[in-house]
Amino acid sequence: MDALDVARWQFGVTTVYHFLFVPMTIGMSLLVAIMQTIWYRTRDEKWLRLTKFFGKLFLINFAMGIVTGIVQEFQFGMNWSDYSRFVGDVFGSLLAIEALVAFFLESTFLGLWIFGWERLPKPIHLATIWAASIGTILSMYFILAANSWMQNPVGFHINPDTGRAELNSIGALLTNKVTLATFPHTFFGALMVAGGMVVAVALWHLYRGRDDQKPAFRTAVTFGGWVTILATAGTLISGDFQGKIMTEVQPMKMAAAEGLYETTSSAPFSLLTIGSLDGSREVFAITVPDLLSWLGKGDIHAEIEGIDNLQEQYTAQYGAGVNYAPIIPVTYWSFRMMIFFGLAAGALALLTLWMTRKGRTPASRLLLMAALTLPILPLIANSFGWIFTEMGRQPWLVFGEMLTRDGVSRSVSMAEVITSFTTFTLLYAALAVVEVKLLLKYAKGGLPEIHPEPDSDEKDDENRPLAFAY
Amino acid sequence: MDLATFWFILIGVLFVGYFVLEGFDFGVGMLLPVLGRDDRERRVVINTIGPVWDGNEVWLITAGGAMFAAFPEWYATLFSGFYLPLLLILVALIVRAVGFDYRGKRADAAWKRNWDIAIIFGSYTPALLWGVAFANIVRGVPIDANFDYTGGFFNLLNPYALLGGITMVALCLTHGAVFLALKTEGDIRVRANRIGGRAGLIAAVLAVTFLAWTVSAHGGNAASVAISAVAALALAGALLANRAGREGWAFVGTAITIGLAVVTLFTVLFPNVMPSSTDPANTLTIANASSSAYTLKIMTWVALVFTPIVLLYQGWTYWVFRKRIGVHHIPDDGAVSSPAGSAVGGA
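Residue numbers (the UniProt record's numbering), protein chains in the order written: chain E, 1 to 470; chain U, 1 to 347.
Honestly, the hints are just simulated from the structure, not real lab data. None of these values were measured; they are calculated from a predicted model. You can take every hint at face value.
Just some of the chain E residues that point at chain U, by a computed CB distance under 10 angstroms:
no. : residue
1   : Ile-97
2   : Glu-106
3   : Phe-109
4   : Leu-110
5   : Leu-120
6   : Tyr-428
Examples of chain U residues toward chain E, derived with CB under 10 angstroms:
no. : residue
7   : Ala-63
8   : Gly-65
9   : Tyr-75
10  : Leu-93
11  : Arg-96
12  : Tyr-102
13  : Lys-105
14  : Arg-106
15  : Asn-146
16  : Gly-152
17  : Thr-295
18  : Tyr-313
We put the CB at the ideal spot given by N, CA and C, even for glycine.
Generate coordinates for the entire structure from the input sequences, incorporating the hints supplied.
Shown next, in the form of structure tokens:
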């Protein structure tokens with residue numbers, strides 16, 4: 001273990017942790033905006049109560065998303081300063097644009113939404129949550145563009161004098177095909193988490209909650225269920241599209257995802273393989289013929305490049321002495337876990353919708369227990385997706401341009417990195433406990449009461465308690 | 001003026017925005033135990049910044065992003081060099097933000113007390129450490145020929161930088177007290193006004209000493225002398241306005257003071273961005289730390305279009321929440337603690 005390893009662990013831990021909150025923020029802000037819109041259009045009080053109820057869960061989560069995001073931005077300079085020097089022109093500009101265009105929007109309008117319930121006219125208050133939600137989605141776009149550039153660098157050249165990557169086409173950077181494929185995939189993945197959250201919480205209340213609240217929660221189960229199912233479909237379709245682009249620009253990642261060593265035509269997809277620990281030998285496998293060729297290139301007979309062949313090719317291209325393959329068991333299993341947990345969430349949402357159709361309340365306790373995992377399954381799928389995509393890029397930090405080991409901060413000592421790694425891990429663990437407890441408390445609490453609206457004369461009553469809950 | 005210089009100025013503007021806006025957020029957090037004598041008062045104190053602190057914090061994220069994009073070498077050297085102080089700042093910002101959001105979400109006293117501690121720690125620490133960090137940047141730190149910081153942690157703790165840190169704390173405290181006097185009514189307003197006056201005197205002594213030291217020892221010119229003098233005058237004006245009960249003008253005064261103090265540092269720094277105390281040849285300058293012309297051009301367009309929009313909607317936020325608040329605006333604790341009753345809040 002050296003400072004590089006610790007810095008990598010820190011990045012992995014802080015990023016995966018950050019991304020537990022991000023999908024909820026992206027998905028929930030949109031779902032809450034939709035709920036509030038339905039209330040605005042129908043004036044059905046049920047939707048107002050759902051808006052406020054899920055809005056509160058969203059905000060408990062949002063706070064954590066924000067603060068862990070600040071760590072991400074600082075971390076590049078702190079732990080990866082040579083990477084920062086190399087890519088500032090390209091990668092840094094995306095972060096700066098994200099802050100200016102998206103993050104301000106999201107944070108400012110969320111403050112307005114939280115405190116503006118009775119301060120702002122209804123249509124303007126509705127617009128604030130939409131502005132915040134659009135902010136989160138824009139934010140996701142710019143961050144994914146930054147990440148996609150590391151997977152498939154485009155729109156730049158290397159300045160021979162400084163050795164730094166310099167941007168030469170912002171258009172190419174923003175329309176990187178990896179970005180265009182990753183954006184819908186991540187967006188639908190986020191909606192699966194938020195939809196799953198709505199279903200799980202609402203279903204719990206159908207079983208255990210107060211009778212007078214059940215009609216509203218029944219509506220929420222249906223709403224969240226459809227969101228989850230449609231999002232699952234969207235994730236699958238966009239994932240397939242993404243797989244084909246990945247096979248094209250990062251063939252090693254696809255080969256590693258499959259543990260495919262030899263270049264193969266009509267390649268089978270491995271459902272499950274028990275291999276030796278280093279992943280070099282297959283002990284037992286269940287496979288679907290031709291599926292990998294179809295997933296990778298849309299043609300069941302297509303040739304999929306293998307790890308060994310790619311290693312030879314990269315050695316010739318980038319130099320000898322480097323293992324250009326990622327850790328095969330990690331990529332192989334994270335890829336499968338992503339797919340498995342994602343499909344399980346979609347299937348469970350479908351089952352829930354079926355069993356609650358036409359106003360039924362299934363007696364099955366098993367369904368209840370299963371459905372309570374609905375926000376967790378897509379979260380796990382999301383995490384494994386990121387672990388796969390980031391670990392699959394190794395040993396590259398910027399594919400074909402910079403090795404991970406070359407990007408680390410030279411001036412930061414082992415003791416410093418260990419200090420920060422330990423600090424973040426402990427702090428994040430403690431905050432996770434607090435956050436989950438709060439979420440459960442408020443999820444169980446049920447719908448808020450809605451007080452009758454004050455007459456217009458009273459609107460300026462300075463002595464009326466403000467409507468907020470800090 | 002070339003684009004790199006324009007971005008040096010813009011980053012200065014972003015840090016001015018950050019310290020002017022988060023400055024009073026920090027001050028409000030520091031004053032939480034002093035001005036909030038019971039839970040209801042503490043909620044008044046926190047709610048004065050409730051709708052805005054999150055948007056204010058984004059000024060830092062944007063300044064950091066702009067540094068990364070426009071001056072990658074500066075961003076890399078600074079963030080890897082000031083490693084432990086930045087770690088502490090991050091921890092402070094994390095617990096402060098979570099504290100604002102979570103303290104009211106349970107009724108029990110120990111829970112609230114712990115988050116109050118988090119908010120207080122999270123308000124003092126960044127103010128102090130940003131002051132230390134910026135003073136060190138102006139003073140110059142050991143940087144080698146690879147632009148790597150070689151100084152370690154204790155190199156950052158010199159008298160000048162520590163004075164910078166304490167000055168920043170005193171200025172934020174004053175700024176926060178004046179803001180609270182402006183935004184509250186009743187007893188809290190009276191006490192905030194009194195504390196603002198006292199803290200302001202201390203801040204004035206510290207700020208004058210620090211700015212005089214800065215311009216005399218670290219490359220001040222006529223402009224930086226003039227700017228720091230105006231900063232000092234603005235603080236004097238703020239104290240007079242505060243005494244006269246004109247809180248709006250007092251707040252304008254402390255905002256100008258903090259803003260111009262930051263401008264002074266940037267003026268003294270120009271045309272360097274991070275001087276090397278090891279060898280002047282290793283100094284990071286606007287010219288050798290900046291990114292390429294194309295990136296700067298793109299970023300300039302984005303900044304020219306979006307900065308006014310951001311200023312408009314953030315300004316609007318302050319307008320929406322312009323009314324003073326007092327203890328009678330705070331709903332009963334039960335309404336906050338029990339989710340079923342938190343009703344009106346929605347948040």
